[in-house]
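These are the residues of each chain, in order.
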Amino acid sequence: MKMDVVITGVGGQGNIFASLVISQSAMNKNLNVLGAETIGAAQRGGSVVSHIRISDGTIYSPLISRGQADLLIGMEFVEMLRHIRLLNPKGTYLLNAMRIPTVLNNMGLDEYPANEEILEAARKYCPNGYVIEASALAKKLGNIQMTNVVMLGALVKIMPFFDYQEIKWLINANSPERFKEPNVQGFEEGYELIENK
Amino acid sequence: MKEKRYVMGDTAIARGALEAGVRVVAGYPGTPATEIVEECLGVPGVHVEWANNEKVAFELCTGASLCHVRAMPVMKHNGTNVVTDFLMHVNFTGIRGGLVLISADDPGGLSSQNEEDTRILVHQYAHLPVFDPCSPQEAKAMVKEAFDLSEKTELVFCLRPVTRVCHARGIIEFEDLPKELPAAHYEPDRERFIMSGVEVPKFGGLKRPQIRHRWLNEKQPLLQEIMEESPYNWIEKGKGKVGLVGCGMGYTLIKEAEQCLDQKLPLLKLGTLPLPRKKVREFVKSLEKVVIYEETEPFVEGLFKKIFHEEKIEVEVLGRSGFVPSDGELNLQMVLETIQKAAPGVKVNQPEVPTLDIHIPIRTRTQCVGCNYRGILNALKQTVRKYKGIVAGDIGCHDAGSFRPIELQSTIYCMGSSVPMASGMALAGINRPVFAFIGDSTFYHNGILGLMNAATNKINVNVILGENTVTAMTGFQPHPGTGVTLAGEKTTKVDVPKLAQSMGISYRVVNPYDIKQCREALEAAVKEEGPSLIVSSMPCYLLSTRRGQKVFEPREVVLNPERCNGCMICINDFGCPAISFNKQEKKVSIDPMICVGCALCVDVCKRGAIL
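In the order they appear, the protein sequences are chains W and H.
Quick note on this note's numbering: the first sequence kicks off at 1 and runs consecutively.
Quick note on this note's numbering: the second sequence kicks off at 1 and runs consecutively.
Hint data in this document are derived by calculation from the structure and do not stem from the laboratory.
Where hints are given, some of them may not hold.
Partner residues are not named here, just some residues of chain H that face chain W (Cβ under 7 Å, in silico) [as the list claims (entries may be wrong)]:
1. Gln220
2. Pro221
3. Leu253
4. Ile360
5. Arg363
6. Thr366
7. Arg555
8. Ile571
Incomplete in silico selection of chain H near chain W, CB under 7 Å [to be verified]:
9. Lys2
10. His167
11. Glu173
12. Leu177
13. Pro231
14. Cys260
15. Leu356
16. Phe581
Beyond 12 Å from chain W on every Cβ pair, some chain H residues (computed) [unchecked claim]:
17. Pro188
18. Trp215
19. Lys237
20. Tyr251
21. Leu287
22. Val315
23. Glu329
24. Pro351
25. Glu352
26. Val353
27. Arg519
28. Ile579
29. Asp591
All figures in this text were calculated on a predicted structure; none of them were measured in a lab.
Note that CB positions come from ideal geometry on N, CA and C, so glycine has one too.
Chain H with its partners taken away, still in its complex shape:
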């Protein structure tokens, strides 16, 4: 039975995998891929889980695949970086049950700490095939086909959807799920699955890594052949000597641009890596120039140049190496401007709109009103000021403490890097107290390794674990400190104090809604030699509120304007969106529409003006 639903691209991808008979799905939350995992939940016989990190998820899925069942690791681009080590082995061994890696990219860094193009990592570096979808519908079809092709070629297939596919919504056809999933079984094949530098007699004593590398190289012509026939690559005829190439979302923008152009230019739509070489050759036969639109690096552009060089084709290749901007997300404006530049004879008709002569303030995100991080961040801000400390930050909701007005964390890189970076600062001999601030999901992702390292090597670093018991930023996914699984079953919960004890690290558990208690713990940690752990423990306010649970007793908070001298400490060191500064009166005010009554600001004000 077929049914049409209006759903997100992530839901479409999940549905495609379920229709293809996926049996194990594992991932780590990350925008824009998070919902793919969640949307796989609830089908009997299909195991769906949040893993500690992406590498664990990928390895787990590979284990399942070697037992001949279909598996899907899901992550955002940063996670694919974490997986690289394993990826550079599984590409050599190949797989058994269909294994489709979902690596979602976020051009423009809309919800990410960097922007990158994982097609390069998966295709150029690991020599594995990649599908680059242009819509939720195509993403669903590609996932299904990727499972079949993965089994046919014995290779990991990758789907690389970008944010505008994952978080687009479209009308998707839901088809029936398979009634039965194939049974798992395992037969050893040590020549394949033992990746080790050992001599292989069959190949005259050559080492196994070289033999497996050769195996992967010999797969490439087969992939090439498959992509020549792929329904995701096609040519659309047009007029003139300038051709347009649209990869994934680039294609949709060219189609939008066509509606503003007075003529149709030849168009090549691409959705696969490797490229369909013959199709590329056919497309450029009567062209002088091609412009390639892709997210985000000039990767297909480079492949075109390579093909043209090898085949002595004299066609100019333009794209994201500068002709089209080399950073950020593609948009219609960029496409129209560059088409006009490449093909000056083409007329562009676009509605003119008036310009605005008014200042529009920039809005940055903050922690939620009522968030417990604001308490521990304020205590840390005070401590850092008093002892001239430095704070290395990490990924997660607390990162907003590094923006204005609080500006506390001095560094933020990637998952778990806070503790090792703080350790390095301490070891550099700056003679200032060094802190690392890390959330709990990030801690279990791989932050725990940095802490263990600090313990073993007796590094004088103060680690603050913001334990809100959930992966809050991506929408409240459970982690090893939550005590429930993704499916909602009760499970073990890591006991952080016991963990610290076993590492021989001093620890203090504080309530972040008690700023004085937090400050005292932080000061004690500063005065102590060696690594110290402060566990700032309180469930996420937003999640608790949604569940009807209280993390504090809300009360009315009022300002006494007589006592307020406009020092702004409650704004600059605390940054609650409910508190604003009135320039005329030189005093602050509290907006009752926004305030939720956590009353943390009462402790922040040194003059007793907030009651």
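So that you can see chain W by itself, here it is in the shape it has in the complex:
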């Protein structure tokens, strides 16, 4: 078996935390894991992407190539679009309905496509997708930084590969003391965002 996961977003949205939780859950199942992160200069409001490769066989490259990903987690509209071609059209995507305009968008020199236009393109590319208001919920819960744990909650609901109790435990274990409780709450509420299938 193999599960290739791509997480895309803007620096500061908490990609790395989410990728660590996903990786550790696979490691706990005695599977091989190899991942790659964007760290450094790109952190400062730039485009960031994490690759997580999970397999019961040998994994060579930490990078996922065109059409290989089974799951694409988009923390932001345009950033998901930027890497959507890594996704296998038969895979699944989970998108946080959040727009973060670029510098050129702010200057009025570049167009940020309308949400409907982006969703249409995503639907055409891959029919199996979920779009949730994770940042809005995180903000309502008191901290937009909790977007990532809300997304993990939703993920557990749509991908049976990830175990509810285990991901919850890992979120708790990886959170600093003062964020443990709110992060677990964010995860639980994120789970409820997706209606039962």
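Starting from the structure of chain W, add chain H where the hints point.
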């Protein structure tokens, strides 16, 4: 006891060094190598530090090595360039305690101001051995072995991990650390360790540099022999007359490509320099053509051509001299396309994916919302406009002021080059005020030398020191202006005003959250002859926030749409990500989700539309 952990390649490298009994680790922060130093921290008896710059780190580690302890200087490729002078001496003297240089390359310049291949510098130019790992696991094993081999051969060994090794994460086995480290001792050996152009009686009066050069050359057959037996080079059998060669990460991409090919081609995996010559010969015995995948220059390709020329082997050699793209990071697509070109009989099965018919805006990084650099950059932008000034920039967070929309700095090269470049512009006689903008970590790295030069030679240059008291871009490493060590101990802190005084340079300390004060200081500096220093001093906003400290009193910032005439000065001269322009209404708006309430934009707006 062995324990498996899911960690970054940098952590794996650090662990390898600690398991090998490293005693002194020193480096200068630089992506992707930074975490290697930090991950060595916390082991009793092991000294770990951030040095001012890479050359200092390397020299310090060599001093330790000459006392028979193991040491590891850590840097990114730019740092290895800085080290070159010392490297071209220590290669001649050799070392005592194992000395492993970590020189991390960043193919594609993912987080760098250039891309380069330090294998060439270390192996071709300095004639030293290099390991090129293909995974975090292999990097850890290589570091451990490099320490042993370094002692065995008395030579500096180099590990050259690329970004995809440093910042990959994998499952790594942690083994026990040595219980005891060997004791340090020193015996003079002036024939070795005094590098000087002096006559050596034992060699009939030949000069010492030539004798030491000969010593280094005579080490090469031993290195050759070691690499023939190395576990990091191997041959995988396959069908056909076209062979593939994978160096470091190139190997992993070939293995990925194999899963898309209908047949297995012969494969040579390489992880060492010098090359295992016999193995190369054996590999190509029944081949007509080889394609070499390496990061980033066609270096091994050149070595293959040399071997084939010397041994009269008629095999075509293809690789990154054009057959595979000569710039940027390797990827699976490049490998598949070039395999198909080199071996047209091989069938490639790759999932087809639909193309997208939608515009995707490019996202460039910026300074953080709330960053104090935005205040001083805005004041400088206004001053430059008023006096037709020119700004030479430097490395660090402030460099985002050179991108759109601010577009302030006109040049950015390497660490510390801003002040000398600005000095040259002033001396060229352009009759315009010239500024240099430099961050504090960069200043202590070697920017300070440019300032001293400007002082001595009375050059009319205005230097702005963005003092945020930390190396912010790479993740908040302390420097000589921070007042704490890497280990978190309190230490001395350079007093910049006193430094300026001792150089006889005028200086003004300003608060970057006060744009008016900054502008007045800048204007005063422009009107003054000779070098001037403006110290824009305020701790990094991001770090302070994480520590629960305030660098300004946050408040709600609102836009009065009645007064906004859409002049966009708050966007074009300030560039805060929270402010955007609405084309329909021809007015700006402030996103409360993004704004952190620093209120700098209130001073930027000339119409009083931001309150």
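Consistency of the hints with the structure:
Hint on glutamine 220/H is violated. Least Cβ distance to chain W is approximately 32 Å, over the 7 Å limit. Because the beta carbon of proline 221/H sits about 33 Å from the nearest beta carbon in chain W, more than 7 Å, this interface hint is broken. Nearest Cβ of chain W to the Cβ of leucine 253/H: about 6 Å, under the 7 Å cut. The hint holds. The interface hint given for isoleucine 360/H is met, as the beta carbon of that residue sits about 5 Å from the closest beta carbon of chain W, less than 7 Å.
Because the beta carbon of arginine 363/H sits about 5 Å from the nearest beta carbon in chain W, less than 7 Å, this interface hint is met. For threonine 366/H, the interface hint holds, the least distance from its beta-carbon to any beta-carbon of chain W being 5 Å, beneath 7 Å. Given hint, arginine 555/H at the interface with chain W, is violated; its Cβ is 19 Å from that chain's nearest Cβ, farther than 7 Å. The interface hint given for isoleucine 571/H is met, as the beta carbon of that residue sits about 6 Å from the closest beta carbon of chain W, less than 7 Å.
Given the 7 Å rule on beta carbons, the hint for lysine 2/H is violated: about 15 Å separates it from the nearest Cβ of chain W. With a least beta-carbon distance of about 5 Å to chain W, the hint placing histidine 167/H at the interface is held under the 7 Å criterion. The beta carbon of glutamate 173/H comes no nearer than 13 Å to any beta carbon in chain W, farther than 7 Å, and the hint placing it at the interface is violated. Restraint check, leucine 177/H versus chain W: the minimum CB separation of about 23 Å is more than 7 Å; hint violated.
Hint status for proline 231/H relative to chain W: violated, with the closest Cβ pair at about 17 Å, above 7 Å. The interface hint given for cysteine 260/H is broken, as the beta carbon of that residue sits about 9 Å from the closest beta carbon of chain W, more than 7 Å. Here the hint on leucine 356/H is kept, as its CB sits about 6 Å from the closest CB of chain W, short of 7 Å. Contact between phenylalanine 581/H and chain W, as hinted, is supported at the beta carbon level, the nearest pair being about 4 Å apart and thus within 7 Å.
Residue-level check passed: proline 188/H sits 43 Å from the nearest beta carbon of chain W, beyond 12 Å. The claim that tryptophan 215/H is not at the interface with chain W holds, since no C-beta of that chain comes within 12 Å of its own (minimum 39 Å). For lysine 237/H, the shortest C-beta to C-beta distance to chain W comes to about 18 Å, beyond the 12 Å cut-off, and the non-interface label holds. The Cβ of tyrosine 251/H does not lie farther than 12 Å from every Cβ of chain W; its closest approach is about 8 Å, which violates its non-interface assignment.
Every beta carbon of chain W lies more than 12 Å from that of leucine 287/H, the smallest distance being close to 23 Å; the non-interface claim holds. Residue placement check: valine 315/H keeps its beta carbon more than 12 Å from all beta carbons of chain W (closest about 26 Å). Its closest Cβ contact with chain W, about 9 Å, brings glutamate 329/H to no more than 12 Å, contrary to its assignment away from the interface. Non-interface call for proline 351/H relative to chain W: violated, since the shortest CB-CB distance, roughly 4 Å, does not exceed 12 Å.
Non-interface status of glutamate 352/H relative to chain W is broken: a Cβ of that chain comes within 12 Å, the nearest being about 7 Å off. Chain W draws valine 353/H into its interface by the beta-carbon criterion, the shortest separation being 4 Å against a cut-off of 12 Å. Taking the minimum C-beta to C-beta distance to chain W, about 23 Å, the non-interface status of arginine 519/H holds against the 12 Å cut. Some Cβ of chain W comes within 12 Å of the Cβ of isoleucine 579/H; the nearest lies about 6 Å off, and the non-interface call is violated.
Annotated as non-interface, aspartate 591/H brings its C-beta within 12 Å of a C-beta of chain W; the closest such distance is 8 Å.
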